[in-house]
Amino acid sequence: MDPSEVEFLAEKEVVKIIPNFSLDKIYLIGGDLGPFNPGLPVDVPVWLALNLKQRQKCRIVPPEWMDVEKLEEIRELERKEDTFTPVPSPYYMELTKLLLNHASDNIPKADEIRTLVKDIWDTRIAKLRLSADSFISQQEAHAKLDNLTLMEINTTRSFLLDTLNCMYKLRSNLQPGSSGGKSQDHQ
Amino acid sequence: MPCERKPMRYGHSEGHTDVCFDDTGKYIVTCGSDGDVRIWESLDDDDPKSINVGEKAYSLALKNGKLVTAASNNTVQIHTFPEGDPDGILTRFTTNATHITYNSSGSRVAAGSSDFMVKVVEMYDSSQQKTLRGHTAPILSVTFDPKDEFLASASCDGSVAVWKIEEQTQVTSWPLLQKSNDVINAKSLCRLAWQPKAAKLLAVPVETTVQLYQRDSWAQVGTLSDDLGTQAINVVAWSPCGKFLAAGSIGGLLTVWDVESKLCVERQTHEKGYTVCGLAWHPSGGQIAYTDTEGCLGVLDGLSSSSSSSSTTTSSTMTKAPASYDDLFDDDDDRPLDEGISEGARSPAKNPGDEDDDDDLIPATGRARNRSAFLDDENSLDTGSLKQGLDKFVDDVGSAIVLPAAVAAPLRPVYDGPMPTPPQKAFQPGSTPAHLMHRFMMWNSVGIVRGYNDDQDNAIDVEFHDTAVHHAMHLTNSLGHTVADLSQEAVLLACPGTDELASKLQCLHFSSWDTNKEWMVDLPKGEDVQALCLGQGWAAAATSALMLRLFSIGGMQRELFSLPGPVVCIAGHGEQLLVVYHRGTGFDGEQALGVQLLQFGQKRRQVIHGEPLPLSRKSHLSWLGFTAEGTPCFIDSEGVVRLLNRSLGNMWTPVCNTRDNCKGKSDHYWVVGVHENPQQLRCIPCKGSRYPPTLPRPAVAVLPFKLPLCQTTTEKGQMEEQYWRSVLLHNHYGFLSSSGYEIDEEGQSQAQKEQQELLMKMFALSCKLEREFRSVELAELMTQNVVTLAIRYASRSGRMALAQRLSDLALEKANQLQGEEPQEEEEEPLQYTRRNTGYSQSSSEMGADRQHSSHRQAQEEEVDEEQGQEEHMDEGDVAESKRQGLNPFAKGTAASPEKPSPKPVSKEGRVNPFKVSSGLGRSGSAGGQNRVTNVLDSMMSSSKKPTALLSSSGSTGKLNKTPFLKPLAPRPKTKTQSTLLHMNAPKAANKKAAEEREPAVCRLKQTEAPPPASPAEDVENKKHKSGFQLWLEDNRRIILADNPDLEETDVIKEAIGRFRTLSADDRLTWTERAKGQSGDVADMKKRKRGEESRGDKNGQSEADETRQSEADETSAKKKKPLDTSTKLSAFAFNKN
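Order-wise, the sequence lines are chains A and B. Taken in order, the first sequence gives residues 933 to 1119; the numbers are from the working numbering. Taken in order, the second sequence gives residues 85 to 1220; the numbers are from the working numbering.
Next comes chain A alone, as it looks inside the complex (with noise of 0.2 Å):
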């Protein structure tokens, strides 16, 4: 899976916008948007509120999490923790790169957001390097992680996927007593 597809599915969010034009319900296949009221907050998906921001028809309510406060704590708490803490939401990294990188004006403290966030990122990146190091030092068959963003998971499949092939492949070869032998049976 690419990044951009986690993105893409992620841009399927809801988030708060203010439009400042006038229109009716809008009906579309996912679902019917509005009616958008100039100077009330409407529900619309990620994508539209972005479409309209460029287009300098909305403005954008930053999400509840993405607030100095909060995310601060989420990230003290993602420090303490061995394990990995529930994210506020489960597109978090790609909503706050979405909504910083188009909407920066309409969300308060965006820098410090900014930081936060790849604090968060980073120390669960971070974690989930050890639990794959230790999962493959310690030859486990099979590990759970709980509260993962499909991003993250995303970030590692590839290569933990292909490592773990490599190695297999490795230890085959060293031990050609017994799945060498076998391995070649099979062909």
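Honestly, I wouldn't trust all of these hints.
Just a sample of chain B residues kept apart from chain A, beta carbon distances all over 10 Å, derived [said to hold, decoys possible]:
1) S264
2) V784
3) V786
4) R1157
Cross-link-like lysine-lysine pairs, in silico, DSS-like; alpha carbons within 25 Å at most [claimed, not checked]:
5) A/K948 <-> B/K747
6) A/K957 <-> B/K214
7) B/K231 <-> B/K271
Label-pair ranges, simulated between beta-carbon atoms [claimed, not checked]:
8) A/R1089 <-> B/A543: 52 to 60 Å
9) B/Q572 <-> A/S936: 40 to 48 Å
10) A/S936 <-> B/E830: 40 to 48 Å
11) B/H522 <-> A/P967: 29 to 37 Å
12) A/R987 <-> B/M503: 53 to 61 Å
13) A/R987 <-> B/D828: 25 to 33 Å
14) A/P967 <-> B/E722: 30 to 38 Å
15) A/R1089 <-> B/Q834: 49 to 57 Å
16) A/L1096 <-> B/C746: 52 to 60 Å
17) A/L1096 <-> B/H522: 55 to 63 Å
18) B/Q683 <-> A/P967: 49 to 57 Å
19) B/Q795 <-> A/S936: 55 to 63 Å
20) A/P967 <-> B/M521: 30 to 38 Å
If you are wondering where the hints come from, they were derived from the structure by calculation, not from laboratory data. The C-beta atom is built at its ideal place from N, Cα and C for all residues, glycine as well.
Put chain B on the given structure of chain A with help from the hints.
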């Protein structure tokens, strides 16, 4: 409080300070951590004399022209006073002295030091010193017994000790304080004080209280405390007379107690809340000087008047313990001080002339202050009672009777009656207070006007919610505008007048098509704009001259009129102007506001004539305006939203309480707009405040309305609330249509549908609860068509009495509707609106409905033609059927032979539904019928049930219900009527179908058929009969013979039963027979249909018939298409 706290002034650099007065009280002397001693002639002395005594000065004492200071060079030095020349070193310690003090005569100095020692040194001979050892930590403070026998000291080791000076021994010691290792770490400086003169008491500040210890017995005899004192007391000082004790705390609280009564007579807080570390009484007792740890010096003045205000206490203590105070007065060396106090006590009673005599005794400043303070205090009260109080006082003093403490109460003149409320100031609804630097000058449904008034900038930002209106604007606010309003056309700003400049009204008319988009008007001198608003094409400004000036939006001056009182706020919408003003003085927190609602435009008139505005108790107005639909609305400070109920004699109905939605007690909702359709209260949640800040930009939230009806937790209450809310919030349709605006017909019919549905639900509920009377009450609110439905419901649930009453009601309603039509033209539009809510169906609405429905049906028909499929079931919804239900009456009128001419055109140009839609209505209803038949037909086609059975149920219904509808019989069986009744049937059937989907509402018995069918049947039967009817005619006698005691209905039931038992063939035969009777007509019409367009009702029905027959060849449905029983049977089938 009579005591006056003077503003603090800078004395020394930051750090510990100390203060004292000189013997005469002429100078204040302070020392501080900058090492200087400053001599102030008064607090206002801008050039105090400074004497440097060292790097830091810790403490000072002054008596007999000798100034003793404890400096950081571990010495206690002497300087002459007031010259400030060094006069030698009194004593030394191994570390710095922390506190020094004179004895009462000034012959000795005691000094406590950080080296745990207390030294007592003779002034005249510094070699004669006594050292008191025993403390195990630095000394905090020392104090002499005025009789020179003892000395008390407090130390960081937590103990307060009393020493016998001569023997240098510790007499007693109390572990009262918290231990610490150094003075700077000690929680409190614990400046002890021994009561002067009497020397009976030793005051020790312990935590937040002052403990009093008795001399000799060394027992604690009392505690002085103050409820407000939450922080440790740092320093205490006795008044020179020894009756009062002042204390200064860490938190900056200064308290004065009357020691005898242990009452707090004076309480002041440090203006910045800094720690008080030095405290000294003026020798006259009328002043306290204090210093804080920030190096500032302050003075409390007029203190003797505080004692005078408690003179009763003073005098009573004097009588209670005359002996103890007598000697006090006698032997004391500074009598004037004492006089000062008693003078203070007596002065209010005395003639000012008397006072001149003892001027020499009392420092003039203190005296003058006493008096003025006292008078100032009393001036605020009622003069009459003051005089009375004074008289009493004089009497009491004159007769030398000591006032008992209880007299204090009558002394203070008290007005017990209701207190007038300060009138609320004029404001702009949707603005935040003017004193804020960054504020919203206006937030309404159009946009936001923000005002900035800080150091860099004085500007106004205008921003529109809808950028299509206009782009954002930034103006420099050089005129200092304070009020603003914003509309789709213009921005209106106004500033108050100044000495030079008149108050100005500025309008940015951005929607103007010429190039001049701005105009400005100067108001007459002395007249200020207090409130303003914008309407459609006009602007209004209410001024301080109780005037309301109207301007056209282009800047032309229009009408002006006087307001009955000072304006509170005004609001405009379209052609309406709402003014709220002060009607009078409110009492006990209430505001007395009046409201006027004016209507401009074609019909200029006053709709509300200055009636009182009903605010919540003890609240003020916080928002005033119109809903987006133009209904006046206001919100008070208790958060209650009230809406004008035009249908209830222009009363105000509470529709919401924003406080109910608040989580915290101090949270508020700041309202920015009210909408009736959809029902929204747009507001900004403010956490912990009343007003939102401009940054971060607040987000609008939407609150629902909720009428404060009783028992809204119950189903009944909920439905009642919903119903009345719906009625109230859809009043505006009536108003809008009456004032010639276009209305959203769909929304309106939607609302009516909702209301009728609610009524039906409530009806069903009250039926379930066996509340038949209430059911009839509910039915009275229903439209005629829904009543028929209710009748059916009632009859089906076996409530015949109820059904009977309802049918009477239905008849009444039908008559009423017919009777109303001719009157309609004469009626005033407004009355018309009012009538609306009564049963929520006015003719105009009906007209609108009909137009709408006909339009819609026409469309549907087309689809029908093309597809002829069942999908139309979906569209045959309740609303539709209701609308159809409405039609017959209107159409009947148009088509009625009795009223052959269409209604005359209304002169007001308002839409006359009857006229406009007479043609349309016909086609509409025809279409409706067509459609309904269609739907049923398609159902038919999908079913294989014998229609004979179904039609039989229809006729059963007819026979069954005939008695109820009998009153209709005498009326001429005109086409009108037949249509009318005929139309009910599909409606009812449809409604029924809808109800089937709502199982909660109705459970109908299969065999019972809709009642309204019957009259139609009557008509129809003349032309043809169904198979069952024919069969029934033949077999009735047999059935009656079999069961002679059967009622009419039972006969039919029986007949149905028997008919069913017949073989399919037999039934078919009967049906064929029935068809044969009417077949010719039908055939003829069928042909006609082929040629004609779909205008003709019969033709249409025929078309359906054709389709239907195609769909189901075997069906017996070949009879007259107009037959209601078809629909009814379909309905019955649907039930199956």
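Results for each hint:
no. : hint                           : verdict
1   : S264                           : holds (36 Å)
2   : V784                           : violated (6 Å)
3   : V786                           : violated (7 Å)
4   : R1157                          : holds (53 Å)
5   : A/K948 <-> B/K747              : holds (22 Å)
6   : A/K957 <-> B/K214              : violated (96 Å)
7   : B/K231 <-> B/K271              : violated (30 Å)
8   : A/R1089 <-> B/A543: 52 to 60 Å : holds (54 Å)
9   : B/Q572 <-> A/S936: 40 to 48 Å  : holds (43 Å)
10  : A/S936 <-> B/E830: 40 to 48 Å  : holds (44 Å)
11  : B/H522 <-> A/P967: 29 to 37 Å  : holds (32 Å)
12  : A/R987 <-> B/M503: 53 to 61 Å  : holds (59 Å)
13  : A/R987 <-> B/D828: 25 to 33 Å  : holds (29 Å)
14  : A/P967 <-> B/E722: 30 to 38 Å  : holds (32 Å)
15  : A/R1089 <-> B/Q834: 49 to 57 Å : holds (52 Å)
16  : A/L1096 <-> B/C746: 52 to 60 Å : holds (56 Å)
17  : A/L1096 <-> B/H522: 55 to 63 Å : holds (59 Å)
18  : B/Q683 <-> A/P967: 49 to 57 Å  : violated (30 Å)
19  : B/Q795 <-> A/S936: 55 to 63 Å  : holds (57 Å)
20  : A/P967 <-> B/M521: 30 to 38 Å  : holds (37 Å)
When held up to the earlier numbered hints, the structure conflicts with 2, 3, 6, 7 and 18 and fits the remainder.
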